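Chemist: Take these sequences, add in the hints, and give me the full structure.
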Amino acid sequence: MKSLLEIDNAVKTIYNDNQELNILDGINLSIKPQDFIVVLGTNGAGKSTLLDAITGANTLTSGKILLNNDDITSTNLAKRSRYISRVYQDPKLGTSPRMTVAENLLLAKRRGLPRRLRLRKLNDHMKEFESFTKDLPTLDNRLNTFTEKLSGGQRQTLSFLMAIIQRPELLLLDEHTAALDPQTSQELMELTNKVIQEKKLTCLMVTHNLTEAVKYGNRLIVLKKGKIVLDLDSEAKAKLKEEDLLEYF
Amino acid sequence: MNLIISTISQGFIWAIMAIGLFITFRILDFPDMTVEGSFPLGAVTAVIFIQHGYSPELALLIAFIFGSLAGFATAFMYTKLHIPSLLAGILTMTALYSVNLRILGKANMSLTKPNNIFNRYGLDKLPVNFNGIFLGIVIIAIITFLLIIFLNTEKGQAVIATGDNETMAASMGINTTMMKFIGIMVSNGIVALTGGLIAQQNGFADVNMGIGSIVIGLSAIIIGEVIYPDVSLSARLITIVIGSIVYRLILMIVLQLGFNTNDLKLISAIILALCLALPTIRAQFFRVFRNGVKSK
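Protein sequence lines correspond, in order, to chains A and B.
Sequential numbering from -18 applies to the first sequence in this note's numbering.
Sequential numbering from 2 applies to the second sequence in this note's numbering.
Rather than coming from a laboratory, the hints here were simulated on the basis of the structure.
All values reported here derive from a predicted model rather than from experimental measurement.
The C-beta atom is built at its ideal place from N, Cα and C for all residues, glycine as well.
Any given hint might turn out to be false.
[Claimed, not checked] Beta-carbon label-pair distances, calculated as ranges:
#: 1; chain 1: B; residue 1: N120; chain 2: A; residue 2: L98; range: 34 to 40 Å
#: 2; chain 1: B; residue 1: Q257; chain 2: A; residue 2: K108; range: 56 to 62 Å
#: 3; chain 1: A; residue 1: K206; chain 2: B; residue 2: V232; range: 48 to 54 Å
#: 4; chain 1: A; residue 1: T(-6); chain 2: B; residue 2: N203; range: 57 to 63 Å
#: 5; chain 1: A; residue 1: V(-8); chain 2: B; residue 2: T154; range: 39 to 45 Å
#: 6; chain 1: A; residue 1: N122; chain 2: B; residue 2: T154; range: 25 to 31 Å
#: 7; chain 1: B; residue 1: V232; chain 2: A; residue 2: R97; range: 25 to 31 Å
#: 8; chain 1: B; residue 1: N203; chain 2: A; residue 2: R97; range: 37 to 43 Å
#: 9; chain 1: A; residue 1: Y(-4); chain 2: B; residue 2: G106; range: 51 to 57 Å
Modeler: Structure follows, in structure tokens:
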């Protein structure tokens, strides 16, 4: 199957106390459509830097990134956002606090598209948003609530909905359940998995949670000091136990 | 009574400036010091153009354009040269002092031409100071209407999102740099337009008339927020007008109590500090009150 995203020898170097440090050290990764890849790694392994490089928030020192065979290495974040969406770890990073839930969703509906000088027509989208949120107890009937009044779990659910409302070619989840309490975290993870399966999304999910890493996804990658040290396909991953991963931490 | 009418008239005119300031300080979350320079820039531009025989309306339009250009300079330094926001504003403000002197040719100039927006359209036939109130209401209505329409467009929402959460806005594909340019330019345009109006109302322009204008604008915004804490963005623009009038009335009362007019800026700063501290003072008061009730 043709690759959706191809990362070719990605290197990201930073200078710390006059010392060169490769945060990404020659990453080669091929992501195929409908892959649900779980990325594991300790702090400083390069997980978030890898996501930053894919979204365009950070430029690579060397290497290439191809999306559908198009070289997007020097394409800016705004243009890439048309195809790639991301949910951050911090619930506050993904939403606009002084906007209502509906306004945030409307903003996300035009992800990556030019913002024109024409009325946004929020009311025309309310029915769609109502059906979009009606099965989510955390956000049902809250379309007109200001986001700053929502709990962390509600905000993160909204961030996730904003990331998928306009179907992304690639969905990036950056430890998106890590800042939530265990129950909310599990609920959001179940929702995430359900949506990914139903919408047949391609996803790269960074997590620290070994249980989540074993339970979800059809491929697993472990990053250590900027290198991929383990890459398991769905068959190998199915046999994987949490204990097997401990040696990488 | 005349003093109160005059104070309310001042409140309406200065509210226009506060609305401009609101765009940077609250919508974009950008502490913009440029206004202390763009306000007198509008005043000197308006006076010079009127003195050269242009209509007061055109003079105000040109003041708006010049103010926007000042905003452009700050936005450029901030977004393209990565100069910190406060410093970028201070640099433009400092540079504008010389620019204003160049435009005016001296430190201050009186309007000798009878051409003045406050005595056109039959406004001069209104009772004293009512022309300021009438014109203030009309201009506020126009600016508020245009601003509410703009903020409800896709571009306007992108400006709000940029100020609210730049990371999110960028990840939604919004050109956040462009949105900052738009916000800072429109804000300084409105501030300069107010400078042009005040110059016409007072009958002169002075290169130093911007000193303290940030405090006046912020006071109007903060007082509006203290009186009406939870309102929509559109309603917030109206509360700024109320805040501006209340601020002027407080100032008038303080001066009537016999304070020296030389202390005006000191009093203005104290009023703003009190308004900013009010939520904290209120919270402390309620905490002490609650603890008192519990201990009984």
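Chemist: State the violated hints by number, sorted upward, taking the hints as numbered earlier in the document.
Modeler: none
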